[in-house]
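> Single-letter residue listing:
Protein chains: 2
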Amino acid sequence: MKHQQLTQFCEAVFIKMGCSEKDAKLATEVLTIADLRGIDSHGVARLSGYVRLWKAGRINTTPNIKIVHESPSTAVIDADAALGLVAAPFAMKVAIEKALICGTGWVSVRNSNHFGIAGIHAEMALEHDMIGMAMTNASPLVAPTFSKERLLGTNPIAVAIPADKEPPFIGDFATTTAANGKLEILQRESKNAPTGWVQTKSGEESNDPHEVKNGGALLPLGSDREHGSHKGFILGSIVDIFSAVLSGANYGPWAPPFVSFLPLSDDPVGLGLGHFFGAMRIDAFRPAEEFKSHMDNWLSRFRNATPINENQPVVIPGDPERQLSQERLNTDIPLNDLVLKDLQSLAEEFKIEL
Amino acid sequence: MKHQQLTQFCEAVFIKMGCSEKDAKLATEVLTIADLRGIDSHGVARLSGYVRLWKAGRINTTPNIKIVHESPSTAVIDADAALGLVAAPFAMKVAIEKALICGTGWVSVRNSNHFGIAGIHAEMALEHDMIGMAMTNASPLVAPTFSKERLLGTNPIAVAIPADKEPPFIGDFATTTAANGKLEILQRESKNAPTGWVQTKSGEESNDPHEVKNGGALLPLGSDREHGSHKGFILGSIVDIFSAVLSGANYGPWAPPFVSFLPLSDDPVGLGLGHFFGAMRIDAFRPAEEFKSHMDNWLSRFRNATPINENQPVVIPGDPERQLSQERLNTDIPLNDLVLKDLQSLAEEFKIEL
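Going down the list, the protein sequences come from chains G and Z.
Numbered per the numbering used here, the first sequence spans residues 13 to 366.
Numbered per the numbering used here, the second sequence spans residues 13 to 366.
Keep in mind the hints are simulated off the structure, nothing from the lab.
Hints are supplied without guarantee of correctness; some may be wrong.
[Unchecked claim] Listing some non-contacts, in silico: residues in chain G with all C-beta distances to chain Z over 10 angstroms:
id, residue
1, Thr-19
2, Ala-24
3, Lys-37
4, Lys-67
5, Ala-68
6, Arg-70
7, Glu-139
8, Lys-160
9, Asp-176
10, Phe-181
11, His-222
12, Val-224
13, Gly-227
14, Glu-238
15, Asp-252
[To be verified] DEER-style ranges, computed between Cβ atoms:
id, chain 1, residue 1, chain 2, residue 2, range
16, G, Glu-139, Z, Lys-14, 56 to 62 angstroms
17, Z, Glu-361, G, Glu-302, 50 to 56 angstroms
18, G, Glu-339, Z, Ile-79, 45 to 51 angstroms
[Said to hold, decoys possible] Cross-link-like lysine-lysine pairs, in silico, DSS-like; alpha carbons within 27 angstroms at most:
id, chain 1, residue 1, chain 2, residue 2
19, G, Lys-203, G, Lys-213
20, Z, Lys-213, G, Lys-78
21, Z, Lys-304, G, Lys-304
Using N, Cα and C, we set each Cβ at its ideal position, and we do this for glycine too.
Could you put together the complete structure from these sequences and hints?
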């Protein structure tokens, strides 16, 4: 499907959900950029999930998002159960405004929902010659090292760093060995998962990509203790604490599930999901031109590192998504049959043309 | 050896190197706490290395450490080639002072040297009811995913988060699958390294713990692409950029080697090694008591997560080091024969009693 066609459709759905035109545009941009970049699990494939959460009363499409606590360089925002797709750009703007005044800005958000891909929020800092950061907690699907309980989400971290002539460095990764989206691809292709991605519900090794649906868990980055999974556990924990304990959202196993058919915790420890954003002005450290020229040098040195195999050069974080985005803008966004069917149901339900 | 005896000896060595009494005490504390915690590779085992760097003129024991650029929430510090053990606490203090005034403080340091364990610097924030962060770049020993070149250090990240009745959360980890110290232990015990820790100099899998000495490389957290090593590469890169590109230190393959027998780069891109520190006031986000009581809940929930194996509970970051520290304070710090011999040579050379 053409990017523009998908955009129009998503906007129409968000409007039907009661979003303002501005919010519908914003949420659509965040969603469809994921599809452009090939992070298909976080794009329009999620649209019907948002609709179901809205129907279940868990998403408020006319929210009053506001700052509830602040200092010169920090803020806590209550998203009033907004779409995370809308709350996140709001919060990132506050971080950038704080950074303009005192060098850096740090914003923790509570009472929010799934915010799409982390990278796009972090990138908002780039045009201001700032480094941007974004992270979020998520539905508990990950077991800490040595446990069979699912206590953390895939808790992604994104960091965007500007350069001059080179494109920016954009790291955006789940703090698990593999993101859930990777497992979904294997499920569709009826393939096994590599050892170290998931464990069974009793904590044994597994290669079944459906394991999480059977009560099993995703594993923290590192896979097992010998290969550093305690480090992935630390990373996921930091994201959880910065996003939810700092803001007053639900943390750890209390984080609300993305799927509307799973009940919310009956002893919540906070409000909704949590996110954390940061913006650092480059010139709060050194002149921006100087920094960006060194970033060019950094990027070209790493891009040209001697490869092990001549056909596989080193990949600079952000490059593959940028290339795919350009391709898909010029051609089409491929949608798999299940996603297309899902969008068609929405089209019928809301009486919108697809 | 008793902790106190080791402390007296280290202080005497630093004084002989020309450090002020205050700096000698500070550097000794950072070093010996590593030994107490069982991070033996970063304790007194490094002392003779610092002496050799000082003799080679790469460490300045009477430095004029100063802020060279600042904003309300940030600073860049030139460490004047100081011991990192001394520059790091100086920089962390500046981060804390900035946070007292505007909520958070972020300090990037150039022209420094190896700073010991990252965790101890991050922990300085705890007594102020702040979250502390510390990271540093280091000698290039790590190959990016798909490369056989060593372009990054083991680039550790430490984050210290206060709680109320529970002990604090202290994550402190190298962004590689295994730290160099783990390989040193295997070398002493003539054991093989697990697959995924190192590669040969042509980029092949290896189980030889001496591989790094043969021109091979440590691997980013995740070990290989299928298990997320590109994420470990992103983490190591962020540490490198925050520590060195923001401050004006040497980054990537230009980072100065810890061992004095390896030459410095003849086309440096900055000054010395770089570090990055952060401090965030809890009450810049929510009342500290409220946050700390939720951290107690977080910590006890994760500590009591259902284990896979009853004899191996979930490990809270910081717990093992705290327990070992207490044990070693009450008894002895075990020193291996090579380290003891090393200290004895220093004792003879400097005419100090050991």
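> Starting from the range 50 to 56 angstroms, see whether the pair Z/Glu-361 and G/Glu-302 falls in it by beta-carbon distance.
43 angstroms, violated
> Within a Cα-Cα threshold of 27 angstroms, do G/Lys-203 and G/Lys-213 meet the stated pairing?
Answer holds: G/Lys-203 to G/Lys-213 is near 20 angstroms, not above 27 angstroms.
> Is the Cβ of G/Ala-68 more than 10 angstroms away from each Cβ in chain Z?
26 angstroms, holds
> Taking the shortest Cβ-to-Cβ distance between G/Asp-176 and chain Z, state whether it exceeds 10 angstroms.
It holds; G/Asp-176 is separated from chain Z by about 12 angstroms at its closest Cβ, greater than 10 angstroms.
> Regarding the assertion that G/Arg-70 does not contact chain Z, is the least Cβ-Cβ distance greater than 10 angstroms?
Non-interface label stands for G/Arg-70: nearest chain Z Cβ at 22 angstroms, farther than 10 angstroms.
> With d taken as the least Cβ-Cβ distance between G/Glu-238 and chain Z, does d exceed 10 angstroms?
Non-interface label fails for G/Glu-238: nearest chain Z Cβ at 5 angstroms, not farther than 10 angstroms.
> Given the hint that Z/Lys-304 pairs with G/Lys-304, test it: the Cα-Cα distance must not exceed 27 angstroms.
39 angstroms, violated
> Between G/Glu-139 and Z/Lys-14, is the Cβ distance one that fits in 56 to 62 angstroms?
58 angstroms, holds
> Non-interface claim for G/Lys-37: all C-beta distances to chain Z beyond 10 angstroms?
30 angstroms, holds
> Checking a non-interface call: every C-beta of chain Z should be farther than 10 angstroms from the C-beta of G/Asp-252. Is that right?
8 angstroms, violated
> Would you say G/His-222 is clear of chain Z, with no C-beta pair closer than or equal to 10 angstroms?
19 angstroms, holds
> Holds or violated: are the alpha carbons of Z/Lys-213 and G/Lys-78 at most 27 angstroms from each other?
54 angstroms, violated
Hints 8, 10, 14, 15, 17, 20, 21 from the list above are not met by this structure, while the remaining hints are.
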